[in-house]
Structures are given as C-alpha cells and as structure tokens.
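Peer 1: Starting from the given sequences, assemble the full structure and let the hints guide the process.
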Amino acid sequence: MDYSYTILILLTPVILFLLIGLLGDKIDKMHAGLLGTTGLFAITMLSYSTAFSYFSHGTVESFQSIEAFQIVWLQFTDNLIIHLGILLDPLSVMMLVVITTVSLMVHIYSLGYMKGEPGFSRYFAFLSLFTFSMLGLVVATNIFQMYLFWELVGVSSYLLIGFYYERPSAVAAAKKAFIVTRFADLGFLIGILLLSFYTNTFDFNTLTDVNGPAIAQPITNVFMGLSATTWAMLLIFMGGAGKSAMFPLHIWLPDAMEGPTPVSALIHAATMVVAGVYLVARLFPIYSFSSPDSLEVIAYVGSFTSLFAAVVACTQLDIKRVLAFSTLSQIGYMMVALGVSGYGGEAGLGYMASLFHLFTHAFFKALLFLGAGSVIHAVHSNLMTDMGGLKKYMPITHITFLIACLTIAGIPPLSGFFSKDEILVAAFEHNKIIFGVQWMVAGITAFYMFRLYFNIFWNNSPAYHHTPHESPATMTVPLVILAMLSISSGFVPFHEFVTSDGLPLTTEFHWMIAIPSVLVAMVGIGVAAVLYRNKNSRPESLALGMKSLYTLAYHKFYIDEVYLFITHKIIFGLISRPVAWFDRHIVDGILNLIGNTTVFFSGSIKKMQSGEVQWYIWYFTSGVLLLTLMILYFN
Amino acid sequence: MSWQTFSIMRFEILLSLMILYQLVADLSEKENKRMVVNATIFIFGIITLIGFLPSEDSSLFGSMYITDGLRVLLKNILNVSTLIILLQSAVWLGKEENHSKTGPFYLLIFSTLIGMYFMISAGDFLMLYLGLELATLPLTILAAFDKKLRRSAEAGIKLMMSSAVSSAILLFGVSLMYGIYGTLHFAEMTLLQDSSALSILSLVFFISGLGFKLSLVPFHLWTADVYEGSPLPVTTYFSVVSKGAALFTLMLVLYRVFGDQPRVWSLTAYFLSITTMVVGNLFALRQQNLKRFLAFSSITQAGFMMLGFVNPDALGMNTIIYFMLIYSLSNLAVFGVLSIVINATGKETMDDFNGFYSTNPRLSLVLLLALFSLAGIPPVAGFFGKFFLFTAAAAKGMYILVFIAVLNATLSLYYYLLVVKAMFINKNESPIPYLPVSGYEKVALSLCFAGIVLIGFLSIIFDYVQAMVNLTSL
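Chains as they are written, first to last, in my numbering: chain B, -15 to 619; chain X, 550 to 1023.
Calculated directly from the structure, the hints in this document are not laboratory data. If you're wondering where the values come from, they're calculated on a predicted model, not measured in any experiment.
Result set (DSS-like, lysine-lysine): computed pairs, CA atoms no more than 27 Å apart in a straight line:
(1) B:99 <-> B:375
(2) X:896 <-> B:590
(3) B:519 <-> B:376
(4) X:991 <-> B:10
(5) X:991 <-> X:650
(6) X:970 <-> B:590
(7) B:99 <-> B:376
(8) X:896 <-> X:970
(9) X:991 <-> X:896
If the Cβ cut is set under 7 Å, some of the chain B residues that face chain X in the computed set are:
(10) 585
(11) 586
(12) 597
(13) 600
(14) 601
(15) 603
(16) 604
(17) 607
(18) 608
(19) 611
(20) 612
(21) 615
(22) 616
(23) 618
Listed next, with one range per pair, are the computed distances between beta-carbon atoms:
(24) X:728 <-> B:572: 53 to 61 Å
(25) B:-8 <-> X:609: 53 to 61 Å
(26) X:977 <-> B:99: 38 to 46 Å
(27) B:567 <-> X:599: 52 to 60 Å
(28) B:558 <-> X:976: 34 to 42 Å
(29) B:367 <-> X:976: 41 to 49 Å
(30) X:609 <-> B:619: 35 to 43 Å
(31) B:598 <-> X:838: 21 to 29 Å
(32) X:601 <-> B:99: 53 to 61 Å
(33) X:1002 <-> B:369: 51 to 59 Å
(34) B:9 <-> X:977: 29 to 37 Å
Cβ coordinates follow ideal geometry from the N, Cα and C atoms, glycine included.
Peer 2: See below:
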C-alpha cells in the first residue's frame, strides 16, 4: 500500500497559510475563511481515508509503522542524519484523525464566531499554520523533526493567543505562554541531544526498537545517581510537561485563554496541550524498558496536577478558566495512565487507556470550549456571575453542553466513562494511592463541571442588556457534530488499534471499578445541583466555612506569585542587577576604551591621506621595499 | 576566423564589435542618444547571455591566450557587474548635459573591459601587461570624465601618475622574472622553480603592482580621491569591475603559475591583509562623504579578500571568487541606491540620509540589506562570503590573522550601521523627498537584491565555483 500521498496532508495547510497570509488583504475576508475551511475539509477527508486504509489493511499480526515519505534534510556525519518524513503508525494515524476533525470543527465554528473581526483573514492564516505544525509534529519520523514542529506549534500558539494584540493582557499571556514553554523546551532539546549522543540516531523507529541501541544496550553512564537515559528521558518529559502544562509548568495555560475561544478549543484543549502525552507515548518503549524511574515521576506529576487543577477549577468564576483547569486535570489523567503502564500485552493497558482518553477528551473538551464560546458570544462576558438561566434562550448550546458535562463526568454510556474507566483500572492494578486520588478527582470533576453548567444554564438570570439568542448555524452545527462524537467515540474498539506493541488487546469490564467511579460522579453532580441549581446562600456559606482553602484555591495556590517572586526578586534582583552593573561599568568601560583608542589612531594616521601625489608615491615605494624586507626576513 | 575561434574568444570579439558599434553610434543626432543608451544596454545584455553558453577549454596564439571554464566564469561575473552598472548609469547619461558624453563613456568602459578580459585570459606576462595597460589608461580618462569639475580633473591626473608608478614597479618585477626564468610564458614558468631573494623581490613587485589596482594598503592612497572625484558610475566601475579583474588576475597568476611555491605570496598576502583591513577601517570610521566612505569600505573589503590568498589550496581560490561575487552585488546595490539619490538631489553625505526611511522605504530596505551583506550579518550572502574566507584562513592554522579579521569585521559593522542608523533612526526636518526609480534601476537593484538574499542559501553556486576551480589546470 503506497501512502506517499499523505505528503498532501502536510503541504495543503502550509500552502493555505501562505495563500491566506499573503493574499488575505487582497481578497474578501469571508472568502479567506471559506478557502481555509474548504482546504481543511480536504485534509480531513485525506486523513480519514489514510486512517481507514491503514487500519483495514494493516492487520496481519500487528500494525507496522510505515515511513510513507522520507527525504534527507541534514547530514552531520555518516550515522547522524536528519530526515524529514511522514511516519504512519497507529498512534500518528489516530492523532491525524483527532487533529483534523477538531480543527475542521473549529474552522467552521470560527466562520461564525469571528465574523466581523478586523483580523479575520489573519486568524485563518494562523489557524492553517497551526494545523500544519501540529500535523507535522505527529507524523514526524524522528525526534529532531518533531522538535522543529514542536517549536512551530509554540510559535503559532503564541500568535493565536496574542491575536487581540491591542489588549495588553493578551500580549502578556502570549508572552507568558511562549516563555514558559520555551523554558521547558530547553530541557527537551538537551534531552534530545543526550539521547542522540548515546544512541547515534534521531529516528523513532530505531529508538523505540526493542532490540535497538536505545533499549537493548543500556547506557551505563551515571550522573548524580541517575543513568544518562533517565536524565535524557526526564529532560524530554520536561518539554512535554511544558506543552501539556503539567504542574509546575502549568501557569501559562489559564492565561492563554486570552486568545479567541475557538483557538482555546483547538490548541489549548484538544491538540497542542496533548503533545506532551503524545511525546511520552511516542517514546514509550524507552521509558518503559530503560527508564522506569521516569515513568514513576510522570505518574506522580500527572496525578498531582489532576488533583491540584480540579480543586482550583472549583473556585474560578471565569468559565474559560474553569475549562482550562479542567483540561489540566484531564491531561493529568492521561499522564497517570502512561506512568502506570507497562509495555506489551495486558500490562500495556495504561498506554491504551491514556490514548483512548486523549481521543475522547479531544472531542468533549472541544465541545465544552465551543459551547462556552457560544455562551460568551451571546452574553459578551466570560464571568459566570453574568450568566444564568440561559437554557431557555439557547436550547442547542444547552443540550450539547450538558452532553459534554455528562461525558467528562464519566456517566455511562458516554465516551468519557469508557476511557476514564480504563485509566482507573490501570491505576488500580499499579498503585492504590494514585487510584484513590484519581477516583476522588473524578468526583471533583463532576462537581465543578456541573457547578459551571448550573451557573450558566439554570440559576436566576441576571439583567441582560439585550435578550441572549442562540448562535448561528455555523456555530451550532459543529456543536452538534462534536456532541455526537462525544457520545459515540467511546464505542470505538480502540484497544484493537492503538496499543503499546501494536497487537490488539483484550479488555474486560471491571464492575468493581466502574460502579464506585460512577457513584462518586453522581455525588459530585448532586452536590453541584444542591448548591447551584437555584440561587441560594449555600455556596457563600460554604466558601466562608472553608475560607482559607477557598482563598488559596481561588488564587490558584499562588503559584504565579511564586514564579513572580523567583523571577523578579531572586533572578532579577540578585543576579541580573549585579550583572547589569558589571556590564555597564566594566564591560562597557573596556569597550569604550577600545573605541576611543581606535578613534585616536584613526585621527593620528589622518595625515597619510594628504591629497598630495608625491607623498602617495613615496608611501607606495617605501611600502614595497618594506614588504620585501619583511618577506625576506620571515621567509 | 572559424566558428571555433569565435567561440573561444567570444567575449573579446563581441566587445570589439560593440566598440565598433559605439564609434558609429556616436555619429547620431543628439536626439537619438536615448536610443543609443537603450540599444547598448540591450546588446550588452545579449553579450552577457552569450557568455553563459557552454564553452570548451582551449588556447590561442601559441597559448598567449587561454580560456577555460574558470576564466569564463570570472568574465561572466565581470559581465554581469558591468551590465548592472550600465543599467544604473542610464539615467545619468540620459541627462541633457551628458548627451555628448554617451559615446565616449561607452567607448572607454568597453575598452577597459576588453583589457581586463585579456588580463584574465593571459597566458604570458606580456599579454597580461598589455591587458593591464589597456584596462588602466581608459580608466584615467573616465576618472576625469566630469572635466569641468576641478575634483574630477584632479582625480584623473592623480590616478594617471600613481598608476604610472605602479605599472613601472609591476613591469620591473616582470623583467626581473624574465631575468630569473628566461621566459615569461606561464606554461614554461610553472616548470621552473626558484626561491632566491631576487625571485622574492620580483614577486612582491608584481603583487604590489596589482595591489595598486586592488587598493591594498599602502598602495591605496589614490582610492579615496579618485572615488570622490569621478562620476558615480565610474566610481562604481572602479570599486567592482576594476577591482574584480585585478583580483582575479592576481589569483590566477599566483595560484596557477606560482602555485608550487606558495610560501612567499601567502606571506605577502598575510601582511597586506592585516594592513589593508586595519587602515581601511580606521579611515572609514571618520568619513562623512558617502563616496569617500565607500572608498575606504572597499579598501577594507579588499583586505578581507587577501585573507583567501593565505590558503594556497583550491579552497582559497573558491572562497576568493565567491566573496568577490557577493561583494560585487552588495556594493552594486549600495552604489545603485546612492546613484539614484545623487542623480536626483546631488546629496552625498551621511547626514543627508537622515530620515531616508520615512520617505523612501523600499530603497532604504535595499540599502539596509546591502550594508548588512557588506558587514557580513547573517543570513544575507555577505555573511557566507566572509565566513568561508575565515574558514579558508583558519584551515591553514592562521588563527591570529582570523582573529584580527574578526575584530575588523566587528569594527566595520559599526560604520555600516551608522548609515543604517541615519536612515532608520535619526530624525530629519526635511529628509530627501520620495524618489521615483526608473525601470532600468529597478531591474539593476532587483538583480542585486535577489543575489544578496539568495546566493548564501543556494549552495549550488558555491558548488559551481568549486567545480570550475577544480577542473582547471593552468
């Protein structure tokens, strides 16, 4: 089966980006948007057909990874070659489907949501750029290519967060996201260099080959008690943690909500932020065989983030921030699942569960964000205090949002139930403490999601300036499609397709896990209903009762302030200022001295250029003679 | 004359025909001068294209005249540069008061160009000397071309006197060589070797003679006066084509004829490189007049070119040609913008360029890129040119020299950025008004611009130079 046509999946968005970016001002705005959307539709269809033919033809024993396209890009040495190519394996094909589907929905939705924005065509150009980078990231054949696209994703995310660049808060948020993820990428880059230094390859297929250099020949170099592989893998995870906003590198994600809401749905919910999960999954055999310690770290980081973010989400008033923290929490679940997983067979359940959750989460979280966008579009505010009683004004948004809330809460038979259940099973078999935390987080998740839901759609209406009305069809159609996907994606036989070793996995249904997790979700929903369904004083009294915890959580546990303290007081105050003083007085002083000396010499040889030909000839001839003497002496 | 002879000597024969055409065209009415300019540019464009046709390696007149892939490449570089100068000078020649000058200008330009081709194709020192004189004498007239201007006449007479001395010294060196080797034929001289003090003296004399045309320090003193006094197209021609021809000739003779005993000439290049870079820079720092400024900047650049001679391997030669190509395009772009400004306003000091960006953003951007290229800032082509030169010198272990060169490159960045600062940052109450750019100038600037942006990235060009250098034997 020849898959070389998949290069079109990468080429089309970059051409769209150039076309819309360069001609955006020349053509009608709506045409630019339609051009982007149609192009993306074509890419989506291509991805679907790739996925269909891959999964229907690939099964003999297991799914092979195919290099559909490969060119040599840079050749450092005979061994160390950087390729650019397209890698098709269950993981990347699944990601292709997720990214193009969500991106298409967001494109269609944006046609309505962004209508009338001055930067309409710029927005679509950036969307195409982002789609290109994200697709390039998931189909990368080697870790270096992945790093390139990884940074491109960062850039396009920066551009989109800062889309409303005349707002200082958007600019600050874009900067923060870029700096934090860049900082994490430093670790990623060092990790890549370490790994390739010891294994002499960038290629994923070689790296993750069970008999390959990275796994079969363990590296014995030890630094500070950890092996070089563990260092490399931890540093690579640092890059993943930055993009996936794992604690303590999560601070950029809530601020990133300054971007347009569809962007939050695409980048900060469904695609870019799961890049870290994808990265760990991509290199999973190395983690599993050579560096099980890093997997433990990943599991604990994931678990802590999911708990931390869930608690914070309970107190936020800005509905997009609630969703942002809920994203953190859900990605934490995926990381936990990877962390507790083993390689191959039954042990690989966690791996499968993690990617299954990535798959379902993409749809319901995009749905939540787009629904929130629809609400914001109607009431022109992000704060839930400005909302309430919207269910009678916006029926479609209401129903789809409810479906998404039920999905994320894990109510059967919606998709979130299945994927979360697999994660809990995997955690239960590996580590009871983590299982307990994740079980509790499931309850908290149900609570804060329904707090959001009741506050928006039930409760009492505040005095609206004008009656809110349902969004146009361009916005509601994607909502309906995503709602259907949220309902149905749980029934995809995922365990037959995407597993750690490419072999189908048999899963059983665990009543002992499923029943308690559904129960705790029901409790969460019930508590939220009691507190928020109608206006009453119970939430305030509860917040007063747990005042210190509430304040802590409301301020996101002051993590931002800690960062500010470290950067401003410690780094700027103790390091930067003395360095700046040294630079200004010592370094500049020396340079000024050099400069002044140069000018002085320049003045003193001025007479040479006298304008008198006789002197010119004198210099000429004596120069020749002097030169001859010097050559004779030195020769 | 057979077709084959034509193919071998096509550059020289076509130029001779061109000169004949100019003699006839000069008889035309004043009103038709405009047409002569157009026709000349058109014909020379075709000649330039013909130059790129494939050719074979051959020699004529008992190998007094040699041609091969490398020499064709060098002549093509000069042809393209000359074409760009012709495009840039069209507006200047089109002015009412210059109508009577059109014929002589073209006549002289093509005469010196033909001399330069003979220098490059010489297979014998006599041929080389003939070519050199043919190239130099018309240049002195060109320098004095604005004969009513005092400074132009002064430039002419200064150039003539200094070049007479340099020719004498070069000829002295050549006659010493004849005394040592008993022949002036390149092919025969390569077979003989001599390392006596006399041969060192002769070689240094020869290098000094060509170093005069390259404006290496201390043979450079004519440069500033002549650059300032000559009309701008002539200055451009001096700084690009004349310099290029001298550089290529020096390179061919040293690498091909004295290639077996590189110690003397690479040592000479070592010293000349240092003095030229340092003195050129120190003078450039103080200049306010842009033409003088560019004179010293071109002296500094010549110092960088000498860096390549320190490496007597093929690598040195590659980098010299590559650097010259990039330097030509960058300098042509700078002069192109300058000529638009001077033709329209007559302003030529740095302060006049204050606020230039506010009125002429496109020209400012071209000038910015060209200056960046001269300064060697990545990613424009100039960076690659300098980088390869430094690599070539470092490959021979000349780290001190490379260090000095890097220091000088940094120093030169300062004064190139002064111009950029004037254009983009300095405020001006009455900046130079918006200047319309003629079609010819647009073509010329676009060629330079494309070259500056692309050459660094198109590794195929460096590979091509390398292939040509490796193919050629003498």
